[in-house]
Amino acid sequence: MSDISIIDEELAWMILVVLLSAGVFFLIFLYHVVCGYIKSNREKIKFKDTRSYGYVLGGAAVMGFEFLCLLFLGIKNDSIENVVVGIFSVVLFFSPVIIWLFGSYYNTSKKL
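Following the working numbering, the numbering of the sequence shown begins with 1 at its first residue and continues without gaps.
Do not rely on the hints blindly, as some may be mistaken.
[Unchecked claim] Capping the alpha-carbon separation at 25 Å, the derived lysine to any residue pairs in SDA-like fashion look like this:
#: 1; residue 1: 111; residue 2: 42
#: 2; residue 1: 76; residue 2: 15
#: 3; residue 1: 111; residue 2: 43
#: 4; residue 1: 76; residue 2: 89
#: 5; residue 1: 44; residue 2: 104
#: 6; residue 1: 110; residue 2: 41
#: 7; residue 1: 39; residue 2: 60
#: 8; residue 1: 110; residue 2: 47
#: 9; residue 1: 48; residue 2: 26
#: 10; residue 1: 111; residue 2: 30
#: 11; residue 1: 46; residue 2: 98
#: 12; residue 1: 76; residue 2: 88
#: 13; residue 1: 39; residue 2: 109
#: 14; residue 1: 48; residue 2: 38
#: 15; residue 1: 39; residue 2: 107
#: 16; residue 1: 46; residue 2: 100
#: 17; residue 1: 110; residue 2: 34
[Unchecked claim] What follows is a set of in silico ranges between Cβ atoms, one per label pair, in the way DEER data are often shown:
#: 18; residue 1: 109; residue 2: 72; range: 25 to 33 Å
#: 19; residue 1: 90; residue 2: 12; range: 14 to 22 Å
#: 20; residue 1: 110; residue 2: 9; range: 43 to 51 Å
#: 21; residue 1: 112; residue 2: 27; range: 18 to 26 Å
Just so you know, the hints here were simulated from the structure itself, not pulled from any lab data.
Where a beta carbon is used, it is the ideal one built from N, C-alpha and C, also for glycine.
Please take these sequences and the hints and turn them into a complete structure.
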């Protein structure tokens with residue numbers, strides 16, 4: 001066997017942390033979608049009037065930004081690609097915080 005490594009240990013840990021953060025982001029997003037749907041049906045209110053709607057908006061914003069980053073990764077320019085990969089990693093890493101900020105801002109602005 002050869003001792004050639006495609007990625008080094010530091011990059012592997014960074015990838016693991018980013019993927020775990022993305023998993024936490026998706027679980028938070030899915031939890032709020034389900035809870036908001038159940039609460040809106042139980043209390044006969046609009047989905048927008050639940051406390052979960054702001055967190056769902058935050059998750060949608062993160063997913064939209066990730067989609068834009070993936071579109072920009074299709075550009076075959078190394079300088080743009082390096083910047084987009086960095087931004088994409090930061091967004092994935094801080095996605096739970098971004099969801100929390102969107103949700104708390106929405107809930108305070110709507111006084112929910």
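A quick look at each hint next to the structure:
no. : hint                 : result
1   : 111 x 42             : holds, 21 Å
2   : 76 x 15              : holds, 22 Å
3   : 111 x 43             : holds, 18 Å
4   : 76 x 89              : holds, 19 Å
5   : 44 x 104             : holds, 23 Å
6   : 110 x 41             : holds, 20 Å
7   : 39 x 60              : holds, 20 Å
8   : 110 x 47             : holds, 13 Å
9   : 48 x 26              : holds, 20 Å
10  : 111 x 30             : holds, 23 Å
11  : 46 x 98              : holds, 24 Å
12  : 76 x 88              : holds, 16 Å
13  : 39 x 109             : holds, 20 Å
14  : 48 x 38              : holds, 13 Å
15  : 39 x 107             : holds, 15 Å
16  : 46 x 100             : holds, 21 Å
17  : 110 x 34             : holds, 21 Å
18  : 109 x 72: 25 to 33 Å : holds, 31 Å
19  : 90 x 12: 14 to 22 Å  : holds, 18 Å
20  : 110 x 9: 43 to 51 Å  : holds, 46 Å
21  : 112 x 27: 18 to 26 Å : holds, 22 Å
Of the numbered hints stated above, none is contradicted by the structure.
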